[in-house]
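Take these sequences, add in the hints, and give me the full structure.
Residue numbers (my numbering), protein chains in the order written: chain A, 1 to 374; chain B, 1 to 374.
Mixed in with the good hints there might be a few duds.
Identical copies carry no separate label here, and so any pair may be met within one copy or between two of them.
Derived DMTMM-like pairs: lysine to aspartate or glutamate, alpha-carbon spacing no greater than 20 Å straight-line [unchecked claim]:
#  : residue 1 : residue 2
1  : 114       : 251
2  : 51        : 145
3  : 24        : 50
4  : 51        : 174
5  : 51        : 111
6  : 114       : 97
7  : 114       : 174
8  : 114       : 96
9  : 114       : 92
10 : 114       : 95
11 : 114       : 164
Honestly, the hints are just simulated from the structure, not real lab data.
Number of protein chains: 2
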Amino acid sequence: MPSEPVPRRSPTVAEVAALAGVGKATAARTLGNYGSVSPAARARVMAAAEKLRYRPNNLARSMTTGRTQTIGVVVADIGNPFFGGVMRGITDRCEEDGYAAIVLSTDETLEEEKAAVSVLMRQKVDGLIVASAAVTAADAGHLQDATARGIPVVLMDRLIEGIDLPAVIVDNREAIRNATRFLLREGHDRIAFAWGPVAEKPSTSVEDVLALSERDIWSATERLHGYLEALDGAGIPFDPALVTGCELTVEDTAIAVRDMLTLPEPPTAILTTETNAMVGALQAIRQSGLSYPRDVSLIGFDDNSWSSVMDPPLTMIAQPMTHLGETAAEQLMAIIAGTAEPAHTELMRTEFRERRSTAPPRTRGAPGQYASRR
Amino acid sequence: MPSEPVPRRSPTVAEVAALAGVGKATAARTLGNYGSVSPAARARVMAAAEKLRYRPNNLARSMTTGRTQTIGVVVADIGNPFFGGVMRGITDRCEEDGYAAIVLSTDETLEEEKAAVSVLMRQKVDGLIVASAAVTAADAGHLQDATARGIPVVLMDRLIEGIDLPAVIVDNREAIRNATRFLLREGHDRIAFAWGPVAEKPSTSVEDVLALSERDIWSATERLHGYLEALDGAGIPFDPALVTGCELTVEDTAIAVRDMLTLPEPPTAILTTETNAMVGALQAIRQSGLSYPRDVSLIGFDDNSWSSVMDPPLTMIAQPMTHLGETAAEQLMAIIAGTAEPAHTELMRTEFRERRSTAPPRTRGAPGQYASRR
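Structure follows, in structure tokens:
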């Protein structure tokens, strides 16, 4: 603790200006970090501010600059390394322009997301980047409200149907379509998909699965469509037994995949659309006494450092996490500065990192088995 | 976008109160979420606020309640799953009391940490939880300032030497001491330690390593001491060649561990103190054509879902991440509410999760080799 008591009231800009021997406008520009100030004046103001323990006031700043130099970020799950990577990009880009990014995590629930947006507006952020849990415009009143009140919003990672806001997203559909085609080219035609949409009872048709997926966030739906398009393009009939309908956890995925592996015609390859789906699939393969890629091929979404030290290393789809975050921050700051183009969507591509977790399917010996029919 | 233009000025509490037909104090209590309000009055106020598009004002709230119901969290690296887990605990506990937690990430630099604290004070947070990059009191002026200005600070994950602030930490020393003893009991006496403190030139003595570690954050220093204490207790002389001095990245760890594995007396076990140190060690083992636990045993810090699907699964130390976050939030809110005990430190224990990445060292055949001397 400091040895002398410190007054609780923060000094005013005028007091800092007086001690620094500069005009109030110069002090305000320096302390508010806007406009032009000579290096000498800036140094004097900063020294005076330090000496007086000046603490900038949100509202005072807003009244002079109209800005707090702060943006709010709402993510679904701060514990997900994907959002960790995105945040690094946002933070780095913000720093360049003297902005700070504050984050709230919503646990993928719309209710918490609305509360988070309300908190950030109360904090008078200059704009918002949101990875929204909203699926359609009906869920997104809070984002339209923010925009209407002059707080620009950039969507990140997910689009919302019927909402015209700038967005920075990844081409999830192409990523999964290409990964599925890769497996098809290797000779697989029993390709499992984890995670599919959560289902209360087993789906029996593609219509069932698509109807469920309409309640999913954009990125999940796009991944499913990529899978279906690739199957369709190859003339492979869709088998609902190969799409998980379980809760989106490691444990439930392990159970669902284990069940698939005991089907009369089990999958010879598994596409996993999230880190936890891959971990669950790996558990299931081990618990079933199988090994990859010998018995079943694997491709996952969201590359990470573990994938390359698995034995064998995993073939993964990598998202441009940092670049996604940087671009969303850049778009938002351009809108705040009034230099942005009209709302548009920026679509980024993923990278396919081929390692050694896939192989052609083994030909099964038993007559009547799927592989022998080809 | 809504079809009619919305006025930019937010209505006042008085306007909301008038429309709701309640007194201003009742409207303020409802909108500020404090004190007692009848359900009927609350419903009328909320309806009026919705109709008028009321947006609570930071400062207005602060003036009536003295609080913004917001706490600031400063973490070293939001992309680290450890902090992801801690944030989940903080957020969950905050929600119970109607608080929001906003996060800033500092990339483990003191400069960014100071900027982050300044931003959060400008945002008028009611208190701070900080995983600080400060090592001694000389680095921690910004935290003492905050406290002096009435913004309570709870340290999380790391202590700062010479600073008396409440803290919630994990017993890193005991965790590593126990893990080292586990390896000693299995018969290892060439136990490598990754990460040791970053060194510009190779350390030649325990004094060298300890001097370097004095510039490290608290948790890293504690882990090193746990290792040294266990060796000391078993009468094993310290070998500086078995402590990495590389930069704290996956790539540099892989190089450092690979070099150790070519020593005349290579380590038979490796203790890794961070996720990325484990990934680097695994790369080195594979690149050296070795396998674990046959050629080298492995124990890591910070358990995660991948550890259990590695083949063989990894023996790991698990930190109580969520509980750590919950407890830090609980302490801070108690201080804000004025119901806290005087500053104290809460020390939490880790869990040792034994899996299958360790085994007794192989006896080496060549005469003069270390193992044959015992």
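Which numbered hints fail = Numbers 1, 4, 7 - these are the hints that the structure violates, sorted from lowest upward.
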